[in-house]
Structures are given as structure tokens and as C-alpha cells.
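Student: The lines below spell out each chain.
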Amino acid sequence: MLLRLIKKLHTYAGLLTFLNLAVYGVVGLTIPFVRESKSAAPVVRYRGFSVPANLTDRQVAERICAVLGLSLATPVNNAVLQHDAANNLFLDFWHANGRDQVTVLEKEGRLRIETVRNSLALYLYALHETTAAFHSGDWRMQFWADYNEFAMWCLLGMIASGFAMFVGSRSGSRLAQVSLTAGCCLFAALYFWTR
Amino acid sequence: MYQKLRALHLATALFSLVFLLAYGIGAVEFAHRKWMGPSEQSRVESRRFAPGITDARILAREWRGELVAIENSPGVLKFRVATSLGRTFEVTYLIATGETTVKITTVGFFRTLAWMHRSRGVWAYAAALVSLGLLTLGATGIYLWFQNHKERWIGGAFVVVEVVIALGLIISMRGG
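So the sequence lines, in the order shown, correspond to chains A and B.
Anchor point for the first sequence: position 106 equals 106 in my numbering, and the numbering is continuous, going up by one each time.
Heads up, my numbering is the position in the second sequence plus 1000, with the first residue counted as 1.
Same shape as in the complex, but just chain B (with noise of 0.2 angstroms):
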């Protein structure tokens, strides 16, 4: 059993190991944004479609990602499509002649981690899996730490000490 849950520790904490380290450093992002360097970077693209297109939904399928936000001035369509980590395409279109102009914003290293953290679709899929196996982590070490008879009483003083404080916590803030 002990050598069958150690096994199950290892081999979920291997799985999990680049997506809790980027979750990690993520939430690091979050937290202390202001240690992070510059996060965003710009170039812009010159393209040429057909003209006469009044559809931003037509054009946006060049890109993909999200179409977040369509604004629609005399000749000129404007539109944004923003992927889920965190990379946005600024569309100018003119409609008269097709001349394109594309604004293509990417987010630094940090950011693109903070930003598989927050996402939703595929990637929170991804962090519900993970979380499986964060949570399996937790049932394994806590087992495999109960076997190791040397370190059951100070680790049984951690253990009560954190439920005791993090639990009381959370109890007596739900309450208001």
C-alpha cells in the first residue's frame, strides 16, 4: 500500500509539475505585479483584404480568439479579438479600399502565467485536472507522512495548528 500511494505522490506530482509551476508563479504575477518587468510588447502589421466587408465577424475569422469589442465608425470598422492567454489583435479596417492595419499586442512571460491561471475555457479544464491532483498530492502526503512514525508528532502539531487557524478562518469570515 505505502509503496503503491508513494508511487501515485510521485507519479501525480510529475503530471502536475509544469502546470502548478505555472499556476505558482502566476499567482506570484497577481500578487506582486509590480516585481514583474514591462508585460506588454507592440508591432503593428499592414494587410489588404476585400473591400467593402461591414461584418467585423466575417473579418475576425482571420485571427483566432475571442471578438471582444466592435466599433463601427463611417468607412472604417474597428474591432479587437483577444486570445485566451492574454494576446490581442486591433483591427482597423477600411472598407472603401481593405487597407488593413493590425495591432498585434503580446504580454510578457509572467503574464501569459497569470493569464492560464484566470483563463476559462480549455484552461480551466486544465486547472480542474490539476486540481484533482493537488488534492490527490494532499491525500497521498498526508498518508505517507502519517507512515513515517518519526515525524508524526511534530508533524501532527503542524497539521493541527494549521486546520486550527486556516479553518477557524474561513468559518468565522463566512459568517461576516
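Okay, chain A solo, but in the shape it has when bound (with noise of 0.2 angstroms):
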């Protein structure tokens, strides 16, 4: 009876996060190769911005932000407003999809932004490290993080279930204990190796 129910559990904790464990899948595949999975080239572009009179520069970066569609990189944190040599407002917005680095060259009336774009390895990358600490000021980004941060509990709790049926009800497999052997040794022996 427990362990049906054990089972039942552990079978919809894994339909419920499904995708978010293939975003897992994914990105611990491209890990060995995510050096190499680079971003695009920087594109430069211009855009016309007046800076409206008495505005600090939080206020200036939050109406670039939504002039410019960058809903992922808000809230505004303070490492984003910064100057350059020329004491123009550089603002260095960091995303999920890459970097947006916007210089608001107020007398010529105008913004200089440098886009680089995340290949979609660092995409997933940036989503599946995202989690219930991390506060987006974007409904959709902070739904992930929530939803996320459930789906890893969930892998918690089926790795706990997992193990309390292969107990319940298959301890007797030879191949089941072969399995769980090689795992913690190959883990052990990883762990000596590079501690």
C-alpha cells in the first residue's frame, strides 16, 4: 500500500517536471563543450532617447529598460549603472539571453547599444540555474524560477522514492546492485581524486 502510493508520487513528480529535468539533461550534456558554445558577435546599434529633465540615473536605466523590451533584466541592480571615461551613463544589462550594454549619450540625444546574444546552450544554462532566490522583475522569468525551484525538490524527493522502492521491492536485483556499486565507486573515486 505505501509503496503504490511511493510510486504514485514518484510517477507524478516526474510528469509535473518533465521538461525542466530535460532542461537539466541538456545542459549537463553541452557542459563539456559550453566554452565553446559561444555567444554571437556584438552588434552595435543607435537609437534616438531624450533623457527627460530630473530623472536619477535608476529611474534613466528602468525607462531604458522598458523602451528597450528588457523586462528580463530587471529589477535595476546597482552593478547595472555605472560611467564611462567620458561620464556618459553605461549601463550593463545582464540576461538570460546575453548582454545589452547601453551608452546614453544624452547631448547627442541618442543611445549606443551592444548586444551579444546567448547561443541557446547558455540560455538553458542561465534558466536552469534559475531559482526561487533569484527575484525578476519579469512575471515570466520569476514563474521559471518558481517553477524550477519546485522541479528541484521534486528530484529530491524522486531520488528519495526511487530508493525506498528499489528497497520495497527490488533490493534482490543483481543488476540493480551492481548499478548503485559502480555509481558510489566511480563517485568515491572522483572525489579522492580531486578533493
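Incorrect hints may appear among the rest.
[To be verified] List time: in silico SDA-like cross-link candidates among lysine to any residue, alpha-carbon distance up to 20 angstroms:
no., chain 1, residue 1, chain 2, residue 2
1, B, K1078, B, W1063
2, B, K1034, A, E129
3, A, K7, B, H1149
4, A, K7, B, L1144
5, A, K8, B, E1162
6, A, K107, A, N54
7, A, K7, B, W1063
8, A, K8, B, A1157
9, A, K8, B, I1142
10, B, K1034, A, D146
Calculated directly from the structure, the hints in this document are not laboratory data.
Since each chain sits alone in its own frame, please combine them into the complex, following the hints.
Tutor: Here it is in C-alpha cells:
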């Protein structure tokens, strides 16, 4: 009875987080190659923008975020707000899709925008590490972060329930015993080799 | 077929078990660092080497890890060696006498698991192997669920909800 309930919970947890776990899998597979997975070359463009009077730098940054559609880079944190050598406001926006560096050329009434777009592998990498500890100004990212947190706990729950099912019903399986031993030995060997 | 895939699901899960547990706990450590206790401990050791060495690379061979920082001051050679699991050796060597002080900093259990999660080199290949296992678990798990006729409807609803939400978010955010 208890084993049946555990199996049901195990199955439901897997089905409810299937895609998140697939993202973890894809990201893990690409990790050894992620250094080679280069982002696209930077693209520089200009765009007209008049800075309204009496706005703080942060308010200017928030307005530019809205104008450029950089909601994934919100809320604007302190590290974004910088000044270049000519004392222009320089905004360094990091987000899951890459990086936008914006120089506010107030006298010219325009923005210089340098965009680097992350490869798909780097985008998924950013998503897989986004959990509820992360606070985003974009509702989609916040939803993803909360869902991903749920997936993280589900994975731990599935590990526990899967092990309980093994102990409860399949502990005599030779193949299972060999697999568990091999995994533990490999883990221990790597740990002692690299610690 | 069902029996074979069930055996594959079980064997893959058990092989990956300890790695997945480490990655899962490491992920919790990343996300909720303040829940975990103090994460670092240091101790200092004294050693003596031959005097007159001016190349940090020669001395650094004494410790296994990556030579990550070198500082050259008059008469003193300072450098830091870090292992892939976060242990560091900060070495201060007096060139004239060979007297050496080593500050060894070790990270706590949970932080070590977090380092395994993000480490490069051999741990990244281990992560790739386990990720292949995770994808296998997903594919075989879906098959095993689908063969259980009693669970098809409710499980199907879960899959549809999850795929619509997660895929919708992934595609929508990629658009900007």
C-alpha cells in the first residue's frame, strides 16, 4: 500500500517536472562543450532617446529597460549603473538571453546599444540555475524560477522515493546492486582524486 | 520490452543516484545558501623548501590543483592553488630562507557538493554522463507511465500542463 503510494508520487513528480528535468539533462550534456558554445558576435546599433529632466540614473535605466524591452534584466541592480570615461551613463544589463551594454549619449539625444546574444546552450544554462532565490521583474522569469525550484525539490523527492521503491521491492536484483555499487565507486574515486 | 525498460530505468537511476543526490543538494546550496551552516575552515601549516626559488610554478607542484594567482613582492613569493572541489592553499614563501607558510582552506560538505555541480574538468564529464542518465530516466519513465493504463488520464493532464507552461515560458523568454 505504502509502496503503491510512493510509486504514484514518484510518477506524478516526474510528469509534472518532465521538461525541467530535460533542461537539466541537456545543460549537463553541453557543460563540457559550453566554453566552445560561443555567443554571437556583438551587434552595435544606435537609437534616439531623450533623457527627461530630473530623473535619477536608476530611473533612466528603468525607462531604457522598458523602451528596449529588456524586462528580463529587471529589477535594475546597482552593478548595472556605471559611468564611462567621458562620464556618460553606462548601463550593463545581464540577462538570460545575453548582455546589452547601453551608453546614454545625452548630448546627442541617442543611445549606443551593444548587444551580445547568448547561444541556446548558454540560455538554457541560465534557465537551469534560476530558482526561487532569484527575483525578477519579469513575471515569466519569476514564474519559471518558482517552477524550477519546485522541479529541484521534486528531483530530490524522486531520488528518495526511487530509492525507497528499490529497497522495498527490487533490492534483490543483481543488475540494480551492480549499478548502485558502480555509481558509488565512481563517485568516491572522483572525489578522492579531485578533492 | 516493458521488463527490459523497467530494468534499464532502475539500473540507470541507481548508477546515477549518488551523483544526482550531490547535484540536487548542491542546487539547494546555491539557491538557499543562508540555510546552510558555516562553509569554510582554515588552518595554517609551516614548511621549509630550498631557498632561492623565484618561480611559483616550481613550488606549486607540491600541491595538486590549479595555480590561480601569483603575487611577487621583494623577497617573498605568494601564490594560491585551488582544487576543483574548492579547497585552496595560500602559500607564502620567503625566497632567502625557504621558510613557507601554507594556509589551507577547506569548504564545508554542502559547499563541496555545490563545487561538484559547477566544477570543470573531470566533474563536467561526470555531469554529462549523469545527464545522459537523467534523459534516459525521463524517456523510460514516460514509457513506463504510459503502459500503466490506470494512470494515463491524470498523468497525461500533468504532462500537458507542464509542457505548455514550461515550453511556453522557455520560448517566450527566448524571444526577449
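Student: Each hint should be assessed against the structure and marked as holding or not.
Tutor: Tested hints:
1. B:K1078 <-> B:W1063: Judged against 20 angstroms, a Cα distance of about 14 angstroms means the pair holds.
2. B:K1034 <-> A:E129: 17 angstroms, holds
3. A:K7 <-> B:H1149: Holds, because 15 angstroms separates the two Cα atoms, which is no more than 20 angstroms.
4. A:K7 <-> B:L1144: 12 angstroms, holds
5. A:K8 <-> B:E1162: 17 angstroms, holds
6. A:K107 <-> A:N54: Holds, because 15 angstroms separates the two Cα atoms, which is no more than 20 angstroms.
7. A:K7 <-> B:W1063: 48 angstroms, violated
8. A:K8 <-> B:A1157: 15 angstroms, holds
9. A:K8 <-> B:I1142: Answer holds: K8 (chain A) to I1142 (chain B) is near 13 angstroms, not above 20 angstroms.
10. B:K1034 <-> A:D146: Answer holds: K1034 (chain B) to D146 (chain A) is near 18 angstroms, not above 20 angstroms.
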